[in-house]
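Colleague: Next come the chains, spelled out residue by residue.
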Amino acid sequence: MGAGIAIVAARAGFDVICYDAVDASLLRAAKQSQAFFQKSVERGKMSEVERDTVLGRFTCTTDIGAMAACDLVIEAVFEELGVKQKLLGALDSVCSDHAIFGSNTSTLSITEIAAGCKRPDRVVGMHFCLPAQLMKLVEMSPGLLTSHTTFKTAWDWTVQCGQISVKTQDKPGFILNALLVPFNNDAIRAVEAGVADAESIDIAVKAGLGYKMGPLELIDLIGLDTQIRLSEAFYPVTLDPRAACPPLLRRMVAAGLLGRKSGRGFFNYTGNTMFGA
Amino acid sequence: MAYMILQHGESRSFPPDDPFLAAAAVQADIVLHLGTPVAPDPGKVAVVVELGVECLADHAEDDNPVYTNVVGFSRFRNGVDSPSKLVELVRMRVTADNAVAAAKAMFETAGFTVVICTDQAGRILDRLLRPKYNAALRFLDEGLASAADMDTTCKLGLGYPDGPIERLVRGGLAHHCDVTSALFATYGTAAYAPPRMALAARRRGAR
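If you read the sequences in order, they're chains A and B.
Residue numbering for the first sequence follows the working numbering, beginning at 1 and increasing consecutively.
Residue numbering for the second sequence follows the working numbering, beginning at 1001 and increasing consecutively.
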């Protein structure tokens, strides 16, 4: 995810410093970025000179001290409050006072993340969608202590990057996941309740609503284990029964049916037949 | 595949100028009830009953073998929007496979996309959609985001053709109230309870 956001920034003309504590992760992200811009050249979307110019804006480092040069730092680390708070605390000690911290969290509270540093007025939610280099949407959320100036500066930056931002309150899942995670769980419960099979549910959603993808196909794509993680992030905070993890989902994950990445979830990706839950 | 129609009043699935109505035969092995009372008819391959917010069991008693050839259907429609191409075909525990197959073939021949579901309130789409729309209306009331931003998020983030609020308003909030009221009466869970904006639309006589 971090690599995608870095591509967005570099493409818009900003110098980008990519920090990761693990060298191998940096290398992988750099290769992904190079491959993305190479494809852009092959598809005629940019020249080789433009590609080299954009790639020249990237610096990769395992030294967090290098972030001192940044005006805006967007974190996209593991979706765990303690991990994000610890990172912001570390950034606090190396970054300049005026630097803004953006969090790419999709589920956690911006206010709680900001509590990990001494500049909560300069922390803002900036949730990019996967894959960030292709998706235009950014959910922008001010925490309770975020200043108007911080929010506006970060918002204007996304506009300069060519993104389309929406403003949401600092609530679990913001807009997108707050609507999507319970909806996906409802689809699983419909299978579990014997309303219809997975294939019929997806066909109904696509034919009736014009969605490009059915909810069960989407869960297979994001991973059934990820859907559990999302449910476990939402339910304790919201106590919304729709956000609670459906029993069928746990059984399927226990059986190794994780979706596309394991070859089978609600659908079988060797024969594309429906899972008979 | 030939079918005949018994109709009383206007059908939500097939407005008066719908070609499906014009293609009906005078006599056929499949009979469609559009608003007419359903009675056992063992002489037909399939007795196909149009459903609104109700269940098929409202017309044909559960587990009664005289209704083995009775199949329910609903052509999905968002309020006052034009009907979609989707037909949800409803079978009961007692429904015979050949009756379902005949009804499915009839609708598919007429160009519809057909899915089969069991006789549960809301079938597939209303069961899935209405809690999500309720959440969107509640989010709007609570100030999570503007209607435009919620719709934009769904279109850009999920690739939906329209957002939940614009779809609800276009189709009619009072219609949403009617559907959620029926679902809430069956399931009794808060997710299906008609939300403030839908109740208000119904009370002031809006569509």
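Among the hints, erroneous ones may be present.
[Claimed, not checked] Using 30 Å as the maximum straight-line C-alpha spacing, the simulated DSBU-like pairs for lysine-lysine come out as follows: (1) A:K86 <-> B:K1104; (2) A:K171 <-> B:K1044; (3) A:K206 <-> B:K1104; (4) A:K212 <-> B:K1085; (5) B:K1044 <-> A:K212; (6) B:K1104 <-> A:K171; (7) A:K261 <-> B:K1155; (8) B:K1085 <-> A:K39; (9) A:K167 <-> B:K1085; (10) B:K1132 <-> B:K1044; (11) B:K1044 <-> A:K261; (12) B:K1085 <-> A:K171; (13) B:K1044 <-> A:K136; (14) A:K167 <-> A:K136; (15) A:K206 <-> A:K31; (16) B:K1044 <-> A:K39; (17) A:K136 <-> B:K1104; (18) B:K1104 <-> A:K31; (19) A:K171 <-> A:K212; (20) A:K167 <-> B:K1044; (21) B:K1132 <-> A:K261; (22) B:K1044 <-> A:K152; (23) B:K1085 <-> A:K45; (24) A:K212 <-> A:K152.
It should be emphasised that the hints constitute simulated quantities derived from the structure, not laboratory data.
Colleague: If a hint holds in the structure, say so; if it doesn't, say that too.
Modeller: Results for each hint:
1. A threshold of 30 Å between alpha carbons decides the hint, and for A:K86 with B:K1104 the separation of about 58 Å lies outside it, so the pair is violated.
2. Distance restraint check for A:K171 and B:K1044: the Cα-Cα separation of roughly 56 Å exceeds the 30 Å cut-off, and the hinted pair is therefore not satisfied.
3. A distance of roughly 18 Å separates the Cα atoms of A:K206 and B:K1104; the hinted pair therefore holds under the 30 Å criterion.
4. A distance of roughly 15 Å separates the Cα atoms of A:K212 and B:K1085; the hinted pair therefore holds under the 30 Å criterion.
5. With a C-alpha separation of about 38 Å, the suggested pairing of B:K1044 with A:K212 is violated against the 30 Å cut-off.
6. At roughly 44 Å between alpha-carbon atoms, B:K1104 and A:K171 are farther apart than 30 Å, so this suggested pair is violated.
7. Our distance criterion of 30 Å between C-alpha atoms is met by A:K261 and B:K1155, whose separation comes to about 26 Å.
8. For the proposed pair B:K1085 and A:K39, the alpha carbon gap of about 39 Å is over 30 Å, so the pair is violated.
9. Proposed proximity of A:K167 and B:K1085 is contradicted: the alpha carbons are some 35 Å apart, above 30 Å.
10. With a CA separation close to 39 Å, the supplied pair B:K1132 and B:K1044 exceeds the 30 Å bound.
11. About 48 Å separates the Cα atoms of B:K1044 and A:K261, which puts this hinted pair outside 30 Å; it is violated.
12. For the hint pairing B:K1085 with A:K171, the CA-to-CA distance comes to about 37 Å; that exceeds 30 Å, so the pair is violated.
13. Between B:K1044 and A:K136 the alpha-carbon distance is near 55 Å, which puts this suggested pair outside the 30 Å criterion.
14. Taken as a hint, the A:K167 and A:K136 pair is honoured in the structure, with Cα atoms around 14 Å apart against an allowance of 30 Å.
15. Restraint check: the Cα-Cα separation between A:K206 and A:K31 comes to about 36 Å, which exceeds 30 Å; the hinted pair is violated.
16. Simply put, B:K1044 and A:K39 have alpha-carbon atoms about 61 Å apart, too far for the 30 Å limit, and the pair is violated.
17. Distance check on the hinted pair: A:K136 and B:K1104 sit about 41 Å apart at the alpha-carbon level, beyond 30 Å; violated.
18. Between B:K1104 and A:K31 the CA atoms are separated by roughly 51 Å; this puts the pair beyond 30 Å, and the hint is violated.
19. For the hint pairing A:K171 with A:K212, the CA-to-CA distance comes to about 27 Å; that is within 30 Å, so the pair holds.
20. Distance check on the hinted pair: A:K167 and B:K1044 sit about 58 Å apart at the alpha-carbon level, beyond 30 Å; violated.
21. A hinted pair counts as satisfied when its Cα atoms are at most 30 Å apart, and B:K1132 with A:K261 qualifies at roughly 28 Å.
22. This hinted pair does not check out: B:K1044 and A:K152 have alpha carbons roughly 68 Å apart, beyond 30 Å.
23. The suggested pairing of B:K1085 with A:K45 is violated, with an alpha-carbon distance near 38 Å, which exceeds 30 Å.
24. Taken as a hint, the A:K212 and A:K152 pair is broken in the structure, with Cα atoms around 33 Å apart against an allowance of 30 Å.
In summary, the structure is inconsistent with hints 1, 2, 5, 6, 8, 9, 10, 11, 12, 13, 15, 16, 17, 18, 20, 22, 23, 24 from the numbered list given earlier, while agreeing with the others.
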